[in-house]
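*Asks:* Protein sequences, first through last, are from chains A and B. Using the numbering used here, read the first sequence as starting at 1 and increasing by one per residue. Using the numbering used here, read the second sequence as starting at 1 and increasing by one per residue.
In case anyone wonders, no lab produced these hints; they're calculated from the structure. Heads up, none of these hints are tricks.
Covered stretches of chain A, as calculated for chain B (at least 3 residues, CB under 8 Å):
1) 61–75
2) 84–96
3) 121–128
DEER-style ranges, computed between Cβ atoms:
4) Lys259(B) <-> Glu140(A): 51 to 61 Å
5) Leu79(B) <-> Glu87(A): 28 to 38 Å
6) Asp31(B) <-> Thr176(A): 28 to 38 Å
Even for Gly, the Cβ is constructed at its ideal location relative to N, Cα and C.
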Amino acid sequence: MVSSRRILDAGQMRRVVRRMAGELVERHRGGEDAMLVGIRTRGVPLAQRLAAEIEAMEGHRPPLGILDINLYRDDLSTIGGQPVVRETDLPTAVEEWTLVLCDDVLYTGRTIRAALDALTDYGRPRAVELAVLVDRGLRELPIQADVVGIVVETTSRERVEVRFAETDGRDEVLVTGGEE
Amino acid sequence: MSEATSWVRKDLLGIAELSAEEIRLVLDTADTFREVSERPIKKVPTLRGKTVVNLFFEPSTRTRSSFEIAEKRLSADSLNFSSSGSALSKGESLVDTALNLEAMAPDLVVVRHRHPGAPHLLARRLESGVINAGDGAHEHPTQALLDAYTIRRRKGRISGLTVAIIGDIEHSRVVRSNVHLLTKLGAHVRLAGPRTMMPVGVEGLGAEVVYTIAEAVTDADVVMMLRIQLERQSRTLFPSTQEYFSVFGLTRERLTAAKEDVIIMHPGPMNRGVEIASEVADGPYSVILEQVANGVAVRMAVLYLLSGARREAA
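Model the full structure from these sequences, guided by the hints.
*Replies:* Written out as structure tokens, the structure reads:
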């Protein structure tokens, strides 16, 4: 039987995101020079929520970008079939900004490596930071997040599923699998 | 969550065998690559270490350079064989060329050949993915895909549109691929041209056939003009280029019967004053240069999708 445990429900998720937004505001003295960049797919709703929370706190909404990293993956030669790629959409030139990459789960670090490569092709931001909702450990590259929602210890046999109401019908974070 | 269809074909030989979903996947993927071409750094590392051979048995400037730019923007290594000055013009058979190519182990081969079915023969022989860049008067799938992409970007849809294709229907591979594609996506296709250039049984493709440009253009959303191949004029399919222009040339006056927001397309190279008047080709309804820009994005999408499918098969 596949086990499944819920590590965040909708209410907890909302409070965690609010705290992350607070940390971002604090790091960026109000957040006026920060652009949030969601990594497709579930980094995008996270970035949108962080932007909404920052707006509620500070009265201005940080610019929001979307990054598709599929063209920069390091596993294109080992996975079967090409991943579906979508557009990257950055609202403005990146040069003057501190970019905050947003993703739902930080795991091996390879997605973030690809995201950094992708950003390089758009210019030279002042700095790049990383905000993730869940840090599940098991890194394969020397990458860490600056703002973390929740840290969960997992094994590589488990899956961490982050669900957003926008894409999945409800807000929750589940850890599934891992047992026979 | 169900993602779009994934691409499983090793080769892109024609539009006839593609499903509407596969066509939409290529068009959606092209959106991403269009964005790459708009960046200051117009290159992504996606096909780094892949080798693409451009094998052109027929002269071609725009299709070949479009593929070449697409390959370079994807970081693939590309190699050009063209008919002049190579073994291709020294009498080597297609099968021998294929075997020689195989020994070089390219990942993809882009082929243009005057004989229909030549790319299919290569596809059967080679482990590499094969892209048909035009085989005789048979198919030219990437042209049809870039035409459809251009229409979709301009009109927001393809389904329900009336598309008039005018000119030498019989000798055009562009027509065949376009009719397949546009009808699969729900457009109404109208073909027009002189009777000497209209193949027997063309209605079987699913298009309406008319013999005057006035009928063709009336209420059209898209007017696609085909190149008159002057080099075939030795067969006297029409009396003179002046006469062709006076009967089938697209002029501003003739265009008034079309929809108000009509777009004018041409696969190039154009003969100004033969199939199309300069004032139309350069006019506000013309999207001819957009087609060229979109061609690169669509070919990047095809190269990307095919390079993944081959691995899955391997």
